[in-house]
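Engineer: Listed here are the chains, written in short residue letters.
Protein chains: 4
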Amino acid sequence: MEKIRTRVQIKHELGRALLGEFVGTAILVLVINTVVAQNVVISGTSKNALININFGVGLGIALGVAISAKLSGGHINPAVSIGFLALGQLKPIRFLLYYLVQLAGAFVGAALAYLVYRDAINVFDGGNRAVVGSKATAGIFASYPAPHLSAFGGLVDQIVATAFFLFFILHFTDKRNHYPSWTQPLLIGLTFVTIGTMFAGNAGYPCNPARDFGPRLFTFIIGYGTKVWCGDASYCWFWVPIVGPLIGGVLGAYLYQFAIGYHIPAETEYEVVVTRELQPLTKEGEVVP
Amino acid sequence: MEKIRTRVQIKHELGRALLGEFVGTAILVLVINTVVAQNVVISGTSKNALININFGVGLGIALGVAISAKLSGGHINPAVSIGFLALGQLKPIRFLLYYLVQLAGAFVGAALAYLVYRDAINVFDGGNRAVVGSKATAGIFASYPAPHLSAFGGLVDQIVATAFFLFFILHFTDKRNHYPSWTQPLLIGLTFVTIGTMFAGNAGYPCNPARDFGPRLFTFIIGYGTKVWCGDASYCWFWVPIVGPLIGGVLGAYLYQFAIGYHIPAETEYEVVVTRELQPLTKEGEVVP
Amino acid sequence: MEKIRTRVQIKHELGRALLGEFVGTAILVLVINTVVAQNVVISGTSKNALININFGVGLGIALGVAISAKLSGGHINPAVSIGFLALGQLKPIRFLLYYLVQLAGAFVGAALAYLVYRDAINVFDGGNRAVVGSKATAGIFASYPAPHLSAFGGLVDQIVATAFFLFFILHFTDKRNHYPSWTQPLLIGLTFVTIGTMFAGNAGYPCNPARDFGPRLFTFIIGYGTKVWCGDASYCWFWVPIVGPLIGGVLGAYLYQFAIGYHIPAETEYEVVVTRELQPLTKEGEVVP
Amino acid sequence: MEKIRTRVQIKHELGRALLGEFVGTAILVLVINTVVAQNVVISGTSKNALININFGVGLGIALGVAISAKLSGGHINPAVSIGFLALGQLKPIRFLLYYLVQLAGAFVGAALAYLVYRDAINVFDGGNRAVVGSKATAGIFASYPAPHLSAFGGLVDQIVATAFFLFFILHFTDKRNHYPSWTQPLLIGLTFVTIGTMFAGNAGYPCNPARDFGPRLFTFIIGYGTKVWCGDASYCWFWVPIVGPLIGGVLGAYLYQFAIGYHIPAETEYEVVVTRELQPLTKEGEVVP
Numbered sequence: 077m078e079k080i081r082t083r084v085q086i087k088h089e090l091g092r093a094l095l096g097e098f099v100g101t102a103i104l105v106l107v108i109n110t111v112v113a114q115n116v117v118i119s120g121t122s123k124n125a126l127i128n129i130n131f132g133v134g135l136g137i138a139l140g141v142a143i144s145a146k147l148s149g150g151h152i153n154p155a156v157s158i159g160f161l162a163l164g165q166l167k168p169i170r171f172l173l174y175y176l177v178q179l180a181g182a183f184v185g186a187a188l189a190y191l192v193y194r195d196a197i198n199v200f201d202g203g204n205r206a207v208v209g210s211k212a213t214a215g216i217f218a219s220y221p222a223p224h225l226s227a228f229g230g231l232v233d234q235i236v237a238t239a240f241f242l243f244f245i246l247h248f249t250d251k252r253n254h255y256p257s258w259t260q261p262l263l264i265g266l267t268f269v270t271i272g273t274m275f276a277g278n279a280g281y282p283c284n285p286a287r288d289f290g291p292r293l294f295t296f297i298i299g300y301g302t303k304v305w306c307g308d309a310s311y312c313w314f315w316v317p318i319v320g321p322l323i324g325g326v327l328g329a330y331l332y333q334f335a336i337g338y339h340i341p342a343e344t345e346y347e348v349v350v351t352r353e354l355q356p357l358t359k360e361g362e363v364v365p
Numbered sequence: 077m078e079k080i081r082t083r084v085q086i087k088h089e090l091g092r093a094l095l096g097e098f099v100g101t102a103i104l105v106l107v108i109n110t111v112v113a114q115n116v117v118i119s120g121t122s123k124n125a126l127i128n129i130n131f132g133v134g135l136g137i138a139l140g141v142a143i144s145a146k147l148s149g150g151h152i153n154p155a156v157s158i159g160f161l162a163l164g165q166l167k168p169i170r171f172l173l174y175y176l177v178q179l180a181g182a183f184v185g186a187a188l189a190y191l192v193y194r195d196a197i198n199v200f201d202g203g204n205r206a207v208v209g210s211k212a213t214a215g216i217f218a219s220y221p222a223p224h225l226s227a228f229g230g231l232v233d234q235i236v237a238t239a240f241f242l243f244f245i246l247h248f249t250d251k252r253n254h255y256p257s258w259t260q261p262l263l264i265g266l267t268f269v270t271i272g273t274m275f276a277g278n279a280g281y282p283c284n285p286a287r288d289f290g291p292r293l294f295t296f297i298i299g300y301g302t303k304v305w306c307g308d309a310s311y312c313w314f315w316v317p318i319v320g321p322l323i324g325g326v327l328g329a330y331l332y333q334f335a336i337g338y339h340i341p342a343e344t345e346y347e348v349v350v351t352r353e354l355q356p357l358t359k360e361g362e363v364v365p
Numbered sequence: 077m078e079k080i081r082t083r084v085q086i087k088h089e090l091g092r093a094l095l096g097e098f099v100g101t102a103i104l105v106l107v108i109n110t111v112v113a114q115n116v117v118i119s120g121t122s123k124n125a126l127i128n129i130n131f132g133v134g135l136g137i138a139l140g141v142a143i144s145a146k147l148s149g150g151h152i153n154p155a156v157s158i159g160f161l162a163l164g165q166l167k168p169i170r171f172l173l174y175y176l177v178q179l180a181g182a183f184v185g186a187a188l189a190y191l192v193y194r195d196a197i198n199v200f201d202g203g204n205r206a207v208v209g210s211k212a213t214a215g216i217f218a219s220y221p222a223p224h225l226s227a228f229g230g231l232v233d234q235i236v237a238t239a240f241f242l243f244f245i246l247h248f249t250d251k252r253n254h255y256p257s258w259t260q261p262l263l264i265g266l267t268f269v270t271i272g273t274m275f276a277g278n279a280g281y282p283c284n285p286a287r288d289f290g291p292r293l294f295t296f297i298i299g300y301g302t303k304v305w306c307g308d309a310s311y312c313w314f315w316v317p318i319v320g321p322l323i324g325g326v327l328g329a330y331l332y333q334f335a336i337g338y339h340i341p342a343e344t345e346y347e348v349v350v351t352r353e354l355q356p357l358t359k360e361g362e363v364v365p
Numbered sequence: 077m078e079k080i081r082t083r084v085q086i087k088h089e090l091g092r093a094l095l096g097e098f099v100g101t102a103i104l105v106l107v108i109n110t111v112v113a114q115n116v117v118i119s120g121t122s123k124n125a126l127i128n129i130n131f132g133v134g135l136g137i138a139l140g141v142a143i144s145a146k147l148s149g150g151h152i153n154p155a156v157s158i159g160f161l162a163l164g165q166l167k168p169i170r171f172l173l174y175y176l177v178q179l180a181g182a183f184v185g186a187a188l189a190y191l192v193y194r195d196a197i198n199v200f201d202g203g204n205r206a207v208v209g210s211k212a213t214a215g216i217f218a219s220y221p222a223p224h225l226s227a228f229g230g231l232v233d234q235i236v237a238t239a240f241f242l243f244f245i246l247h248f249t250d251k252r253n254h255y256p257s258w259t260q261p262l263l264i265g266l267t268f269v270t271i272g273t274m275f276a277g278n279a280g281y282p283c284n285p286a287r288d289f290g291p292r293l294f295t296f297i298i299g300y301g302t303k304v305w306c307g308d309a310s311y312c313w314f315w316v317p318i319v320g321p322l323i324g325g326v327l328g329a330y331l332y333q334f335a336i337g338y339h340i341p342a343e344t345e346y347e348v349v350v351t352r353e354l355q356p357l358t359k360e361g362e363v364v365p
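Chains as they are written, first to last, in my numbering: chain A, 77 to 365; chain F, 77 to 365; chain C, 77 to 365; chain W, 77 to 365.
Treat the hints with caution; some may be incorrect.
As the list makes no split between identical chains, a pair holds if one copy fits it or if it spans any two.
Here are the computed lysine to any residue pairs in the SDA-like style, where the Cα-Cα straight-line distance is at most 20 Å [said to hold, decoys possible]:
1) K79 - A162
2) K79 - R252
3) K211 - D308
4) K211 - C306
Bear in mind the hints are in silico, worked out from the structure with no lab data behind them.
Assemble the whole structure, with the sequences as input and the hints as a guide.
Structural biologist: Listed below in structure tokens is the structure:
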């Protein structure tokens with residue numbers, strides 16, 4: 077084993093990081109697309125299934141972040157990367173490379189999800205891949221706006237939702253908050269569950285330019301037609317979940333610093349208390365010591 | 077404050093323990109009865125609401141155990157107490173006293189739940205408290221069997237469910253498993269969420285003689301009539317969620333010891349590894365260190 | 077970065093605390109109002125969506141408490157602040173200032189939620205903002221009683237629910253219980269999930285005078301009319317979720333101390349056990365060491 | 077007690093391990109089969125109940141892994157064991173023995189579930205045990221493909237789902253990731269909740285040859301007839317949830333190593349940071365220190 081490791085291991089840190097972002101984003105999109113597929117082509121788009129989608133998507137983010145954390149820092153989202161870029165914690169060239177492999181990972185994740193649900197999609201739409209109508213399945217892969225949503229409303233939705241996401245990513249990963257490493261992917265995932273309960277009704281809360289554009293490109297290539305870019309709305313949608321999250325990512329990162337981060341007292345104002353478990357002197361029959 | 081504490085504090089450990097069991101069981105029953113009330117008189121008994129009930133009840137157990145853990149060990153259930161009695165970890169007299177205050181706490185919890193939902197119940201049943209029929213509300217407080225359930229089936233249900241519960245309570249509180257104290261009430265609550273997804277369809281998974289009999293007595297006293305004892309089934313039900321859990325509690329405690337507990341290697345076979353957090357040397361832009 | 081910090085950081089501890097309460101309460105109300113908005117104007121008020129609302133609201137509380145904890149202690153609720161006031165842990169002037177910024181934060185959170193859901197609300201009600209009727213949307217922002225609920229019943233509901241909340245906030249933050257810092261916002265959020273499963277059916281469990289009055293004032297200002305104060309009930313409702321929670325907050329704080337807190341043994345009765353992870357000597361193929 | 081332990085304890089490590097796998101798999105199948113039974117014969121197969129099934133099954137895995145972790149490593153699934161076999165962490169003879177007791181445990185778990193739900197199944201199907209049709213109950217115990225699923229699609233589903241599962245089991249149990257022991261069964265269970273939200277619609281995500289074949293054999297023996305092997309599909313199904321997971325288990329184990337594991341930097345590249353809790357100097361009225 078150790079021999080294989082030595083031969084296989086990518087020596088350059090950047091190479092490992094790009095691999096991590098690729099794998100993490102592929103996992104993320106595989107989860108999100110299959111979760112939505114199940115609701116579109118099998119369970120029906122029952123509104124009550126929202127909680128099932130929200131938890132599936134949130135856990136998908138937790139798993140994608142966890143798997144890539146040690147290699148790349150677990151961004152798996154250009155909106156997260158641009159937030160760190162804005163705060164000077166990521167170099168521009170690295171941001172661009174991350175963005176590229178995130179897109180590639182998202183594309184592969186969508187293809188995997190398609191592989192898993194091809195039988196079901198075929199029976200559902202009779203082989204006629206559609207972006208709009210009652211047998212539309214393009215929404216499995218990329219986001220489309222609800223009928224009530226204007227282009228401006230969509231942009232607001234994506235900016236606010238992504239800023240909210242970055243705001244808490246920065247909180248949970250701020251070393252001064254001392255969240256144990258293992259909790260961070262889970263807490264980021266739970267934040268996205270919250271975002272699902274808040275924003276799902278407008279446009280399916282993509283909040284991630286790679287997660288949205290990669291699968292959209294995939295649907296275009298496999299024959300969903302040009303409607304994947306503009307759907308049936310009076311405006312083109314595809315750029316909204318790209319531009320909105322990128323703006324929201326920068327906004328959320330700054331908001332965290334100016335509203336919270338810069339004001340947290342330095343740790344010298346704190347006293348260190350070593351963690352310890354206290355257990356009462358033995359008493360009979362106690363369940364929780 | 078410190079002065080009040082000195083004057084108020086119960087000096088005798090047993091007194092504090094009985095107070096803990098009383099408060100914890102009252103909390104438990106307040107949660108369970110209001111959770112079910114909401115589904116019976118307001119949301120309707122929609123089956124899809126099962127997950128809402130399961131989480132509400134499980135969290136109620138977690139909260140009840142947590143609040144009483146330091147004073148009494150957090151049993152809040154005679155079936156749990158009898159399990160510890162069977163293993164020689166609780167004295168018989170203490171078991172009896174625990175049982176009594178658990179019953180009293182359950183009675184008070186039911187009364188509190190009734191206070192909160194009296195308006196809703198009055199509108200729902202027009203002031204006519206019923207145990208059976210489409211306007212029955214007795215099921216808010218105590219358990220009643222589903223129409224398909226025989227007396228024997230009910231006994232099996234309660235024995236298996238409660239043995240399952242004790243089996244995992246002993247696992248989570250076994251010191252050799254090193255579950256941090258703060259996790260134990262939550263894990264016991266999650267075990268009961270699981271039990272809800274497993275057993276709810278038979279008789280509402282009471283698994284607790286105090287939680288069931290206390291509220292049942294309360295409904296009898298406030299005028300639900302003698303049907304609270306035998307309902308409309310061809311057999312009397314009320315003794316099943318008393319006898320079943322007490323048998324299941326003993327069975328589950330022994331099962332844990334004979335199937336798992338006695339076989340866990342002594343800790344001398346283990347090497348001690350001090351917990352530590354590892355953080356990579358600073359890299360730019362990483363979310364999860 | 078360090079330079080910006082030095083220039084931006086609020087030097088006075090009270091200033092930082094008020095900022096924390098403002099931001100935390102705004103986050104809280106943004107979450108709660110968007111979660112409810114999604115159910116009112118998009119998913120429909122399907123009862124089965126209760127679990128989705130309960131988790132959304134509970135996670136919103138967890139996030140709001142977490143983000144403000146280091147700056148202000150994470151009250152984000154006058155009922156919580158008055159509880160600490162009653163126990164002598166918060167000065168009266170500080171209580172008043174907290175209350176004011178909590179109200180301001182709640183107002184801003186409601187405005188943000190309105191911004192996000194304006195398109196959807198416009199399509200839903202045709203631009204006719206209503207407090208009652210099938211197209212009413214005022215319930216997105218502030219609480220309104222269910223038809224069955226009397227003024228007295230509403231007061232009982234809010235007192236019991238908020239006392240329950242404070243009871244467990246004090247438990248989870250009691251230093252003697254040694255809950256790790258990072259778990260406390262989550263456990264407080266889970267307590268509120270529980271409260272949602274218990275009390276949602278009466279009046280939507282506001283349990284927070286700022287969270288309720290701030291958004292109510294916002295709806296009054298943007299044109300929902302005077303019905304936001306008294307709705308269609310035979311009594312005025314708006315004061316109930318102010319007075320009830322304030323009473324409940326004081327009651328819950330005292331209840332915790334007298335029923336539990338004062339009776340927890342001093343730590344000198346405990347032996348200190350240093351936390352450690354035990355790992356078995358290497359065995360082949362084991363999943364969980 | 078100590079005396080009984082000495083007499084009862086299985087002295088040989090392999091014997092204890094086989095006991096652990098037997099008990100853990102029995103627990104797992106008892107949970108999964110009762111969870112599904114509740115939905116099939118009592119709640120109806122309402123699609124909205126998916127979240128209830130997903131959490132029940134995921135928690136069942138968490139409990140089964142937790143209870144057997146110290147004795148056997150908590151595989152309770154031949155697909156997990158074959159993954160460790162492929163990585164050279166389990167000897168072939170041990171793999172075979174694990175597989176056998178996992179099958180036996182699954183059989184016993186199914187029998188227990190049948191005992192608990194016999195009344196309900198009898199009322200539901202009038203005593204006529206059926207594999208297909210509106211009164212079919214065989215799906216309580218073993219998996220059957222959805223009508224849209226081809227044999228190839230089913231194989232893809234089981235390979236991808238199980239590879240996903242192993243991928244994350246290896247992540248969570250990789251010592252270099254320092255997940256605390258107590259979190260590992262829970263995180264493995266949450267991974268399976270995610271798999272439920274992703275794959276449930278195709279064939280009920282068995283992902284475990286023992287969990288599927290043991291109960292299938294049980295249904296054959298108690299009189300469901302030969303249709304349990306091939307159902308009503310144009311192809312035989314029973315071998316798919318055996319072969320698919322075994323392939324997926326090996327694939328997922330290698331994928332983890334080649335895509336992630338081999339690239340994680342050695343710990344010498346990390347600096348050790350001792351975990352500590354920081355608590356601010358006492359300030360008045362703070363909830364979360």
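Engineer: Each hint: holds or not?
Structural biologist: Hints, verified against the model:
| no. | hint | result |
| --- | --- | --- |
| 1 | K79 - A162 | between (41 Å within a copy, 16 Å between copies) |
| 2 | K79 - R252 | between (39 Å within a copy, 18 Å between copies) |
| 3 | K211 - D308 | within (14 Å within a copy, 27 Å between copies) |
| 4 | K211 - C306 | within (18 Å within a copy, 31 Å between copies) |
Of the numbered hints stated above, none is contradicted by the structure.
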